[in-house]
Amino acid sequence: MTAPSAHLARASALLDSFLPPAGRLSPLERMRLKRLVAGCFAIAGILLVTTPIRAAMVGGPPPGWRIALASAAGLLLLPWVLKWSGREHLVTVLALAVVHLMMAGLTLFDGATTAPAFVALPALPVASMLFAGARGGVLSIVKVLLLVAVTAALEARGVLASTPLSASMGIGARALGMAAATMALGAIGWLYEREKGGYAEALAESNERFELAAQSAQDTLFEWDGSTGTFFVAPTLGEILGIEAVDDPFERLHPEDRGRIEAAFLACRRGDRMDEECRLLDNEGNPVWFRITAMADPHHAVGSERICGWFRYIDFRKRMEAMKDEFLSTVSHELRTPLTSIRGGIGLVLGRAAAMDETTQQILEVAHRNTERLVRLVDDLLDVQRLNAGQMPYAMRPQQVASLLEEAAAEIAPVAARAEVTLAVEAHGAPLEIYGDGDRIVQVLVNLLSNAVKHAPAGGRIRLAARRGSGRRSTEGHASEWIRIWVEDSGPGVPRHLRETIFEPFTQAEDERGARPPGTGLGLHISRRIVEDHGGRIWVEEGPEGGARFVFELPAAPVGDAPDPPP
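When you read off a place in the sequence shown, starting at 1, and then add 1, the result is the number in the working numbering.
If you're looking for bench data, these hints aren't it; they were derived computationally from the structure.
From the three backbone atoms N, C-alpha and C, an ideal C-beta is built for every residue, glycine too.
Incorrect hints may have been included.
[Claimed, not checked] Simulated DEER-style distance windows between Cβ atoms:
| id | residue 1 | residue 2 | range |
| --- | --- | --- | --- |
| 1 | T502 | N287 | 27 to 37 Å |
| 2 | G348 | G286 | 46 to 56 Å |
| 3 | E206 | N284 | 51 to 61 Å |
| 4 | G460 | L499 | 35 to 45 Å |
| 5 | P545 | G286 | 57 to 67 Å |
| 6 | T423 | N287 | 52 to 62 Å |
| 7 | R398 | S228 | 49 to 59 Å |
| 8 | G460 | V376 | 47 to 57 Å |
| 9 | R538 | F328 | 43 to 53 Å |
| 10 | R261 | F507 | 42 to 52 Å |
| 11 | A356 | R387 | 26 to 36 Å |
| 12 | K325 | N371 | 21 to 31 Å |
| 13 | E209 | P545 | 57 to 67 Å |
[Unchecked claim] Quick list of in silico lysine to any residue cross-link-like pairs, SDA-like style, CA-CA up to 25 Å:
| id | residue 1 | residue 2 |
| --- | --- | --- |
| 14 | K325 | A264 |
| 15 | K319 | L222 |
| 16 | K325 | A368 |
| 17 | K319 | L365 |
| 18 | K319 | D249 |
| 19 | K455 | E542 |
| 20 | K319 | P256 |
| 21 | K319 | F507 |
| 22 | K455 | H498 |
| 23 | K455 | A396 |
Working from the sequences, and respecting the hints, build out all of it.
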């Protein structure tokens, strides 16, 4: 590194030391602030050097010397204030303050409106634009005019009187003032060009990396301008859809998705994040799946509106999911019929167990249990397919909660007895009633009870309970009553990190030995979907004995009783 380059590097590092941390400012803000600090030191240095020179030339206190030294002191103080405050909103205030001090120091260089610094005044708004943008330049022009008027008025009253300048000294002072102003503006301009070049290169490199990343991910960026209602869409979307360009992607929405996507986009304009899957029609009218992610720009100018986001191509994944669903549906239906026949046949043979030897009877019982397990697996797969397709049939009518609890408990009682687990059923308060499909609610209860039996130790306890409560609001916005039903066990519980994902398909919690219990991991997922289809919600929490407590709430049927207090 050459000597001048080394000096410049040290000077740049010195200027950086006065700036807030890099992560708190954008590159553009940091560049402006760095030029501001450089301007402070440059102008202060010029004032401090030229004031004593002018004093020697005049042979006494030069005109405006107090203003010049005060301006220099203020300029030197501002970077230190910035360094120790570290507050980004001071940037504009400091920029305008520096511009004001520059004009004050240079304008009152010799205390008269004919001062040599006035030769450089037309260039000062240009310099202030480098510091604070166009708004700062306009304000500096106003300040120049006000400063000229105030200075002229003070000079007329003799307030700024000082040692008079001779003709020869006036020429020297004018030359000195013009040279000082030229040096200051030249230094600032050079620094601006140097820093701008570095940031331009960094920005170009960043844009190139971003473009490569977006292309490799098959993401299409878009921007919507609210002032004109127009879209800017990257060419990638047109290439995927097989058309030359996409001026408005919403015009190519599939009719079944249009209402949902337009509602989500309207919510995005109000500040919500948009994250939706939809279909766009290609050049032949075929649907292509995309995922739209977008958000409103919080930094847009007042009176304008802008939304930025991207389209992610997910058509291949959606087609694979459709093929998987079709395969599972086909296999499940093909298995269901022969399994039903096998289960019925084994049941008939077991009905004549008295004529069998003990070994044959045990073999048939094992076969029957495994057949029942396969039937439940097939039923679960079919239920998942129906839920995903929105085709799950529900027979909605008033249901007595106590009857549903007793029915589920009776179904799971033999399994609990074999596992040596005690099952207790409780229903608090007056008779509870919900409006829903009784068979599906019993299915949810059996799934929860079956999980509790699997995780409860021998000699453990399971509690199935229900009560009426209130405090939540329905989807229509008015207060409503809810029936809360819960199943708690004395097992190891559900780890905290799994409580949000335990209801996802094929997710299971391990037992104390780190082993997964038997099952497909579909029961909780089906339970959640059934509860949500009834307008309720389901979650898991820690039970009073350290085990798991699975809770779900359903809207209560209209009754005249007041809600019961919590137990």
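message = Could you work out which of the previously given hints the structure breaks and list their numbers from low to high?
response = 3, 4, 8, 9, 10, 11, 14, 16, 17, 23
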